[in-house]
Amino acid sequence: MKIGAIAGITFKEAKRDRILYLLFFFAAVGIIASRILAILTVGDRVKIIKDVGLASISIFGVLMAVLIGTSLVYKEIDKKTIFTLLSKPLHRAQFILGKFLGLVLTLFVMTVGMSLIFLVLVYLHTFRVEWTMLVAIAYIFLELVLITAVAILFSSFSTPILSSIFSLAFYLIGHLSWGLELLIKKMKAGTGRVVAQFLYVFLPDLENFNFKTEVVHNLPIPAGIFLYSLLYGLFYTAFILALAILIFRRRDFI
Amino acid sequence: MTRKPAAVKGSATLLFLVFLVATCASFMALKAKTDTIQRKKVPGSSIIYIPSGKFLRYATFGYSTLAADLIYLWAIQYYSTPTIDDRFNYLDHIFAIISDLDPTYIDPYETGALIATAEARDITLAFKILDNGIAKNPGQWLLPFEAGHIAMMNLKDYELAKQYFEKCMDLPGAPEFTRRLYANALYRKGDIETAWQTWLDIYNTAPDERTKKIASNHLYQVKTAMDTGRLAEAVKKFEEGYGRLPAELGDLVRVRILKDLPKDLDGQDYIYDPETGNVKAATSPWKR
Chain A
2 MKIGAIAGIT
12 FKEAKRDRIL
22 YLLFFFAAVG
32 IIASRILAIL
42 TVGDRVKIIK
52 DVGLASISIF
62 GVLMAVLIGT
72 SLVYKEIDKK
82 TIFTLLSKPL
92 HRAQFILGKF
102 LGLVLTLFVM
112 TVGMSLIFLV
122 LVYLHTFRVE
132 WTMLVAIAYI
142 FLELVLITAV
152 AILFSSFSTP
162 ILSSIFSLAF
172 YLIGHLSWGL
182 ELLIKKMKAG
192 TGRVVAQFLY
202 VFLPDLENFN
212 FKTEVVHNLP
222 IPAGIFLYSL
232 LYGLFYTAFI
242 LALAILIFRR
252 RDFI
Chain B
78 MTRKPAAVKG
88 SATLLFLVFL
98 VATCASFMAL
108 KAKTDTIQRK
118 KVPGSSIIYI
128 PSGKFLRYAT
138 FGYSTLAADL
148 IYLWAIQYYS
158 TPTIDDRFNY
168 LDHIFAIISD
178 LDPTYIDPYE
188 TGALIATAEA
198 RDITLAFKIL
208 DNGIAKNPGQ
218 WLLPFEAGHI
228 AMMNLKDYEL
238 AKQYFEKCMD
248 LPGAPEFTRR
258 LYANALYRKG
268 DIETAWQTWL
278 DIYNTAPDER
288 TKKIASNHLY
298 QVKTAMDTGR
308 LAEAVKKFEE
318 GYGRLPAELG
328 DLVRVRILKD
338 LPKDLDGQDY
348 IYDPETGNVK
358 AATSPWKR
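Each protein sequence line maps, in turn, to chains A and B.
Here the first sequence stands for residues 2 to 255, numbered as in the numbering used here.
Here the second sequence stands for residues 78 to 365, numbered as in the numbering used here.
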């Protein structure tokens, strides 16, 4: 109940944030501009539209999650409204979870908005609703949920600028961690290799949420990957949120 | 808000820690599980979207040489991973990007050509990479040297090898043996006269005994080629005139087809086989 109330307030607060609409505007421009880029290609124009459209949803979604998420908790501390909140019978975990769910709801609305523009654009070119695109979008949203948790984690103990840098670094690491696999194969057995193997499984693998190539090229997707990727995302998000709560519980605001 | 007793707070923290460990173990296990599921890939999809180096140069904000280093390091790992079946599909693209980002970085041209030749078995691409490097680094001897070597050893195109070695040997820093490779290319392409002149020049200007010996052996080989060619022609003329092969090489002088019989560089007679009409040197140039 309390979590729901905080989530509602966070949603209202986020939707008043101008940066959200600015990013949504740029995302819409990016999706629509894919039509212009498609003119420049030789061959399949729809492929370019799908690629650029999905990339716009993903990139601008991440920017929304990071830029809004990193200031959510910090703003409460900076404006001292946290004192009013924590003086009430409210657990700090409820506060963090409420903030998280509020932003996830905001991102859900934004993702739906961006997806509608994208699907309409694809429909205007193919004259059919491409439902498979929704698979890629759903997992982009799952990635955004995880990034939101990370942004809130850093926001619980750092400034918005540093939190933004850390969150974007997390995003980059998440998409480049496959490089560790190459490194492990070339490393000799020993401590270094064990450390690299640990990092490989511990660091986020956001490629687990990347189904863009498969849906654009109509490639078959193994059924098991949907469930395991979903669970992976949920467990990782739960881990990050638990870490955020643990850190936030230990913070002293006086 | 009422303050919670320390024991309650402590057990809540413990509960959070247990939750943290459990979720961490879960996502690590799931990561291992998702890795076992093979997903379909579009050939070259991992690198197909890397833009042209010309555009990437602007996106590196002045760090284009660093970007070239990173892409080169990555490329070495990528191309030495045999499990990526389609890794050679965009070899040209990747090394063109590195070249655009850092045109004076010599190693990638050399490595790219080596990968194209030895791994991708695409000699045309190897020349494309090296020619690009030569065009951007006209003062570097290594690139025409590599190109000449590939033309000679892999393509067996001695005219092309000659052109690259000729380009290389005039550049500062080029090893002195490039001239010998050039002379050898001339010999192999059949330009015996120029090969003789070049080897003679190398012999006369040799800085040490070893080089002199090498040049001498090659001169022996070139002279043998010239003489055996002349003798074979004379044997053919004799056969046309008398309807049989000469019994010995002296017959060619007796019937005045030749004024005298040539000898090899060591003054030895050439060996003639009256059964086949073949003429060969008494010894191998490399066993003198």
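Rather than coming from a laboratory, the hints here were simulated on the basis of the structure.
Note that CB positions come from ideal geometry on N, CA and C, so glycine has one too.
One or more of the hints may lead you astray.
Computed list of lysine-lysine pairs in DSS-like fashion (alpha-carbon distance at most 27 Å, straight line) [to be verified]: (1) B:K117 to A:K186; (2) B:K117 to A:K3; (3) A:K187 to B:K364.
Partial list, computed: chain B residues near chain A (C-beta under 7 Å) [as the list claims (entries may be wrong)]: (4) L97; (5) V98; (6) L107; (7) K108; (8) Q154; (9) K300.
Ranges of calculated distance between the beta carbons of each label pair, as one might list FRET restraints [said to hold, decoys possible]: (10) B:T113 to A:F84: 32 to 38 Å; (11) A:A224 to B:W151: 48 to 54 Å; (12) B:W151 to A:D18: 48 to 54 Å; (13) A:I10 to B:N166: 49 to 55 Å.
Status of the hints after comparison with the structure:
1. B:K117 to A:K186: Satisfied, since the Cα-Cα distance of roughly 21 Å is no more than 27 Å.
2. B:K117 to A:K3: 45 Å, violated
3. A:K187 to B:K364: 45 Å, violated
4. L97: Holds, about 5 Å.
5. V98: Nearest chain A Cβ about 9 Å off; hint violated.
6. L107: 4 Å, holds
7. K108: Holds - the Cβ of K108 (chain B) comes within 7 Å of chain A, reaching about 5 Å at its closest.
8. Q154: Since chain A brings a Cβ to about 5 Å from Q154 (chain B), closer than 7 Å, the hint holds.
9. K300: 53 Å, violated
10. B:T113 to A:F84: 32 to 38 Å: 50 Å, violated
11. A:A224 to B:W151: 48 to 54 Å: 33 Å, violated
12. B:W151 to A:D18: 48 to 54 Å: About 38 Å separates the Cβ atoms of W151 (chain B) and D18 (chain A), which means 48 to 54 Å is violated.
13. A:I10 to B:N166: 49 to 55 Å: Holds: the Cβ-Cβ distance is about 53 Å, inside 49 to 55 Å.
When held up to the earlier numbered hints, the structure conflicts with 2, 3, 5, 9, 10, 11 and 12 and fits the remainder.
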